[in-house]
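Put the complex together from the two separate chains, hints included.
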Amino acid sequence: MNYELQHLIEMINQISDNNLHHGEAEHAAEMVATHLIKFWARSMKDQIISYAENDGSELNQVSKLAVERLKAWRQAKAS
Amino acid sequence: MLNYFDPSQHRIDPDRDYGTPARLSEKAVALTIDGVEISVPEGTSVMRAAALAGITVPKLCASDNLEAFGSCRLCAVEIEGRRGYPASCTTPVAEGMEVTTQNGKLAKLRRNIMELYISDHPLDCLTCPANGDCELQDMAGAVGLRDVRYGFEGQNHLDAETDASNPYFSFDPSKCIVCSRCVRACEEVQGTFALTIDGRGFDSKVAASQDEDFMDSECVSCGACVQACPTSTLMEKSVIEAGVPEHSVVTTCAYCGVGCSFKAEMKGDQLVRMVPYKGGDANHGHSCVKGRFAFGYATHKDRITEPMIRDAIDQPWRTVSWEEAIAFSAKRLKDIQAQYGRESIGGITSSRCTNEETYLVQKLVRAGFGNNNTDTCARVCHSPTGYGLKTTLGESAGTQTFDSVMEADTILVIGANPTDAHPVFASQMRRRLRQGATLIVADPRRIDLLKTPHGSTSMHLPLRPGTNVALVNSLAHVVVTEGLEDTAFIEKRCEPDAYKAWREFISEERNSPETLEAETGVPADLVRKAARAYATAGNGAIYYGLGVTEHSQGSTMVMGIANLALATGNLGREGVGVNPLRGQNNVQGSCDMGSFPHELPGYQHVGDPAVRERFENLWHVKIDDEPGLRIPNMFDAAIAGHFKALYVQGEDIAQSDPNTQHVEQALTSLDCLIVQDIFLNETAKYAHVLLPGSTFLEKNGTFTNAERRINRVRKVMAPVAGKEDWEVTQDLANALGYPMNYSHPSEIMDEIAQLTPTFTGVSYERLDELGSIQWPCNEEHPDGTPTMHELDFPIGKGHFAITEYVATPERSTRRYPLLLTTGRILSQYNVGAQTRRTENSRWHEEDVLEIHPSDAELRGISDGDWLGVSSRVGQTVLRCRISDRMQPGVVYTTFHHPGSGANVITTDSSDWATNCPEYKVTAVQVEKVSQPSEWQKHFQSFDEQQHKYLEKSKDEPNFALK
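If you read the protein sequences in the order shown, they are chains X and H.
Residue 13 is where the first sequence starts when you use this note's numbering, and the numbers rise one by one after that.
Residue 277 is where the second sequence starts when you use this note's numbering, and the numbers rise one by one after that.
You may find that some hints are simply not true.
[Unchecked claim] Here are the simulated lysine-lysine pairs, DSS-like style, with alpha carbons at most 30 Å apart:
1) H/K610 - X/K89
2) H/K666 - X/K76
3) H/K384 - H/K481
4) H/K481 - X/K50
5) H/K666 - X/K83
6) H/K1073 - X/K50
7) X/K57 - H/K666
Hint data in this document are derived by calculation from the structure and do not stem from the laboratory.
Everything numeric in this text was worked out from a predicted model, so none of it was measured.
Here chain H stands alone, though its shape is the one from the complex (with noise of 0.2 Å):
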């Protein structure tokens, strides 16, 4: 019989291992293995033909995440015809071949090779951590090895000793078979080259940079080297300490806008680890810290179990039922609207939650609330993105899959930090950065991809903060003025009259790069250099981040960046695109799901009679026809006093908003704040009701990130205190008299589909069916669209958007000389309240303020000096670190620790479209001080109060619940 190898088929099993990576060559060649016909893709190897013929080649050194090595020989087979015993993971396959995987002789050979192996192993099988997931053990049996001949006593590596240096993983060398799979996956699949072979001969070992312990080496716990080893060499401590898991549940992981799927592999309900998933198509079995190790924070003693009231924030909290929270939330919310109005309440959703949570919170404020006052933190980053690229080309999202980056010629990274926050995509982009691609960085700061080994072409425009606007505007014009522009792409996709004029204004010498030098401080030779580089590459793709968006000009940026793309013709078809790397697992999606205070699900405005119309019908409930208020609208209101309850799920505007001192006022201005949490964060020590929140762990849903793609979220075990978040949101517009009545969230997105057109395709059953599915979604893209724009813009014709730029009030004086620009790190995440809490810690216990050796020295600052930074809102204290990663003139910090204070001096300037805040530019002045700010003292205080009153929550009998 001959098999077809057709990888459309998706026959390829992601729980087996081929062997080799898959080869894309239209071209097939038939050979016979084993007696067995099959066709395969030109260059696919033996072991992998044999593989996809159902036919299993011993093997320890090969795997189908790696190239092919060729150094344990256990998958040697015999080829009629040829000479000797090749090994089949470095054979390629021929037209006609004929291959024997099985015979006396190879059987022969291959218990020779596992002898050698296992007279230097220990013979721990019993009691070590990989028993029953160990591949050398597998191995062993396979090849039918009974006896080593040549004893234990000769030199071996039986004694070396165990580094257990990393928080989550041991590497014990006396288990180690060199077969180098760690030091390959640290190069191929992460692109970090941290580990090396050490020595030659007998003397070969596994080292970690220069022979350093994990913890001190360039590794950046990725968990590649550990998921590669075939032994228990590299072995998760999770494991070592619960034992081998039982089964496992395929998942979306909650950190970033990547979204990688994972195996949550369990004991019973306990998670004993996550395994990035093969089948994954938005990480294809990569992972990083986070993701891979840093779930700790579900089973972490701070949880919120219980739900709690309280009538003032300087009152102890009292734990109540479910039912008792509910109904104080309810008759509270009602009768603040009785008194102050309709309009005086409103909800925020969580990126963080899935999209059914975020479409019932939406819903929950227009049809129960009655008025449009629901925002998401996606106000706070990426807004801008929202409001650039529907008016340029029509769809509020990015415009490719991940794996188009692997077609790119050109990578232009624009105010964005892949290695540190989106590090699985990193790790594709320094793929492609290896083969050749040019890259181009944008960016105050010279970040670490610019430092990508072995990586090709490089380019830094270390622009000066706040002036984006000014350098992409001289990027088109170098576009425009040198004829570098697709004049065919523009002919047929774009508006002429928006062209003409866009054209006219770009041409103008004040966009030229020699005139906006003296703005962004970027030579004007290298803008040039930079915008050829993106202009004629052939694919030029554009990659940005917060750096566009946080910004008093982020949606002008945005639009600035899609006209870039429209004028080369850099879109609609792969390896192009403008591409908005969102900071949280679900950004994209609570955008989709109608989050924002004007458009309805699917970026339907409210303002629409028809759009209104068909939500009227299902929710069986007027909806208003005006926009309601944003997140900082709602803060001023709150403050004015016409503003006076929020229902808040899963967000921490209180540390993660800025100008915290007037959140914090708002906050204490409202009457009734509900807060729906895993932690009691910054925000409910504000709150009068807290309502125990779930982890993605222990709900079903699902997350659609960065590239559009909807992913599944699976339960693996139960809420801690009884309800996944969807049904608190269910339960409170019960309560509120607007009835639901979900049995499960795929329910929900039966709805979603019932209302947004670019969903109607998406189901459960599609979801399962399909792995993932990017939307749109419809019956014009039943599958999916992987590529928007192919053909025409949702618009129509793409739209060229004028671009002036107009500097941020926001500038350095004499009294704030410094520019304050804010960041993250890969080891933690956004407001840190779930990295924080696991072991994650040891690689950033504290957030620092870095300095340029010139600022430090003019101040008299030294490495380790506690700093006080002010500006014209508030002051705080922070450790000095000097770096000369940023520019003279430039300080950087980041957030992800709520005392540092970071958003105290943060102001309220912000995005002139959409309000979200100018994060990335605050006038300071630093100098070094004694002691803690007033806020951060404040803090102290404030937050110590907080966790007695919860502490004595938790002392108290349970009333309601007897």
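In isolation and in its complexed conformation, chain X is listed as follows (with noise of 0.2 Å):
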């Protein structure tokens, strides 16, 4: 794995730490998302979606509902 997409990997579970409130990982999540939505490049949006869908073992629980959403953000942008 390169230093890029293991950082981007610490970020992400880092945001989802900061954001999880009394172990409510759907509301986190959707605080992750949001997070990931305004402030990520779109190179690092596709990166992480593209971790989340091959491998994504090294996400955490809140990480991987808030990837999950920003994909689907993602797609409904597309359409």
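Given below as structure tokens:
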């Protein structure tokens, strides 16, 4: 895995950790997805979506849920 | 004729000395001076009232930035019905008073006084450096002194020796009249109390500290005494050398975020001295050692004066014409985009350049490059402020004016060191502390503000680095659970649901100071005491710096601070607020101008189609609807191979960004690095194109300071390489096929005003008229907005954010048992590119590692030893200074010198929301060593090689220009 992707995984997991309150993963995932949409560059979004599709093992629970939402947003935008 | 004095009418002429400070009483007192009727605020001195009426009373010991002293007696007047000749400076006005300032008796009295002064003063006026700029000389003329009957034979001070130890000014006591203006300026204006009048009667003399040389004393070289001196006793060496300046231009300092106004005093195009401008609303005529004296870098021999290019960084530079350098850059950028795609290039705007220049760089990126890969050095300092304040208060900016601190009852300073990093504001803060305000400092280090002479109550919360959020949560916990909230404010001004959720969260026992004491290291009772002092003071004001933002939870901490202010109702009026102290001169401005990859100017998101449409209509180009890469993401992408070119204006990322070796790897991965700077900085050593930058003295524009104040920057000399920075960006845009045709920065500002809702009322005409403007300035606030959020928030209601404490992964371990934190010192500025090229280096020749005595003892370390400092990413070597300003377990250094390699050890750990690096926490080990680190050895040889390449370019004949 290249450094860039490794860093993106660390970043998204950190964002998830900082938005998790009282274990409410769904709510946190919503906030994380909004954050990614608002602040991450297209290439960063694409890389994390592709990683979640092909492996995703290093994503924590909230991050996984957030990437699903991000993917749905990406698809909706494309259509 | 009755003249009413109304301060709101801006009748005060900043170039005139009114003798004593203004009084702000609303009660007016009417009196007659030399037959002229005038009405002034109660408490005003007769001297000031006279000056306001246009009448000049002779004076020597009085100055309107100092309280009246009444020692020279030259300002004696006659007052109808009163005995004797009272000093007009110490006599307050009274209703119906009739004052005479000139008559035969007064003239004789004044002549006698002057005669005594001159009997112990050298008569070398013609060769004196103050000739033509001396108040003593002026007064001798004004009182008509023609004779000194006492002779010069008796005991005198004419042989007193000059102290020339300070690099910027000399102290010649033979010229001193002991008016004590310097002593009072040091106390009242600067607040350092370094000067005193030593001795009594004839032996009285001005002394620094314990009668030491100025350089060895506590003097911080702010220049207030030099400015206050009415003779040439304290005199700038530059004036001694060059003579008295012949014209001056008011401009804005390019150092810290205070944004002081200065008069650049000139002889032709030579800058002789910078004198703080009394009309400047940020500094009111005060200055620090950087802005006042450290301007010599502008004419330093190291300035890059011609454009240069090269194909690879292991080649010498070739000096070329501007046209060739621009064409070379444009071709490379276009070729790279053709090969690697639209998103493969980007640009970095500078927080040291003007608003107009910053705006233009981000416009070049968005419109010319066709992507949003723009970022700025604020990424590594205050990006969490933008995120945190926008989320909670709805606007990415501080809420107050600097003057607001004079109404504060409790001042809470978190992770900031104002006496070193924002010295002029620190002086104002200290003035308020002397008046009795309570000070709370939350900082791992015992900062100098805690040692304010004659300060009132102060508390130090020495938290462990990395535990800010735990501390702010425990402060808020006390506020909520002890019933100290401002419920009326919360009810009226805050979102109820978010408040309810936050209140439940913060009330949980896990947020109590008792529980979190184990994390923060701050005793719970001290936290409780501090919370009460802040919440119940009346006016509680928070000031914070990079000790808040440069953490893995920087954004959370900013939100925690906003929560605290919302909960206690400390927002929306004078004396309160949330105030980020900005590091560089135009950090606020660079953020305002759309430097961040996700936001267009005015913090308008690129994802908003309505926003994009307005920009697209004016820019005639399609704007990408997704954010671009931030600086750290650019580095990662460069190493990964899909980010290939970068245009950097005025930022030294190779020195200032964390994990230097990673940055160096990223920079060497680029196919084209274009650096626009005034020197061959560390980043430029990795560049393919070097475009000469211009200093703030060489261009027109505006800077926006930490209080949102837009100040004019005015050109006083021609740019050394012929172009202001905005002109270079414009040339590059045109070469890339995106037309830009500005003929003056004022036209750029007009465009900014069209596109930025908070700037619609800003123009150069309005700035000239008002002096400065604090944004928002629009239809609603035509004269600007000194205090934000008075009635509502830009997001309607204030938003309490849940601020869970998540400990940083960067923790001390057995291998790296100490925590390194970084900071700044007074005499140096940021990467030091400017200040290292001035005499300021006399105060700080090298970066050192401060270590607590117990940690030093444990490792057998002595003061002055060479220490190897290692973290998980690198090692560097610094000299040891043993100091108890830190707690055991914490070490501290600065990064003003590139060879110190402080950022070789800082890691890529960063704020979760913004990627602002965690400079303030790095786990390290420290040990005694005998030689420089591997990185330092590499740095030295690389540095030498790059300087040779530069030298070579100077030797080569310039074919391009022939």
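Results of checking the hints against the structure:
Proximity of H/K610 to X/K89 is assessed by CA-CA distance (about 29 Å); at most 30 Å being required, the pair is judged to hold. Note on H/K666 and X/K76: the hinted pairing holds, with a Cα-Cα distance of about 27 Å set against a maximum of 30 Å. Restraint check for H/K384 and H/K481: satisfied, since their Cα atoms lie roughly 28 Å apart, inside the 30 Å limit. With a C-alpha separation of about 64 Å, the suggested pair H/K481 and X/K50 falls outside the 30 Å cut-off, and the hint is violated.
Taking the CA atoms of H/K666 and X/K83, the gap is near 26 Å; set against the 30 Å cutoff, the hint holds. For the given pair, H/K1073 sits about 22 Å from X/K50 by alpha-carbon distance, which is consistent with the 30 Å threshold. Straight-line distance between C-alpha atoms of X/K57 and H/K666 comes to about 23 Å, which keeps the hinted pair within the 30 Å bound.
Going through the hint list in order, the structure does not satisfy hint 4, though it satisfies all others.
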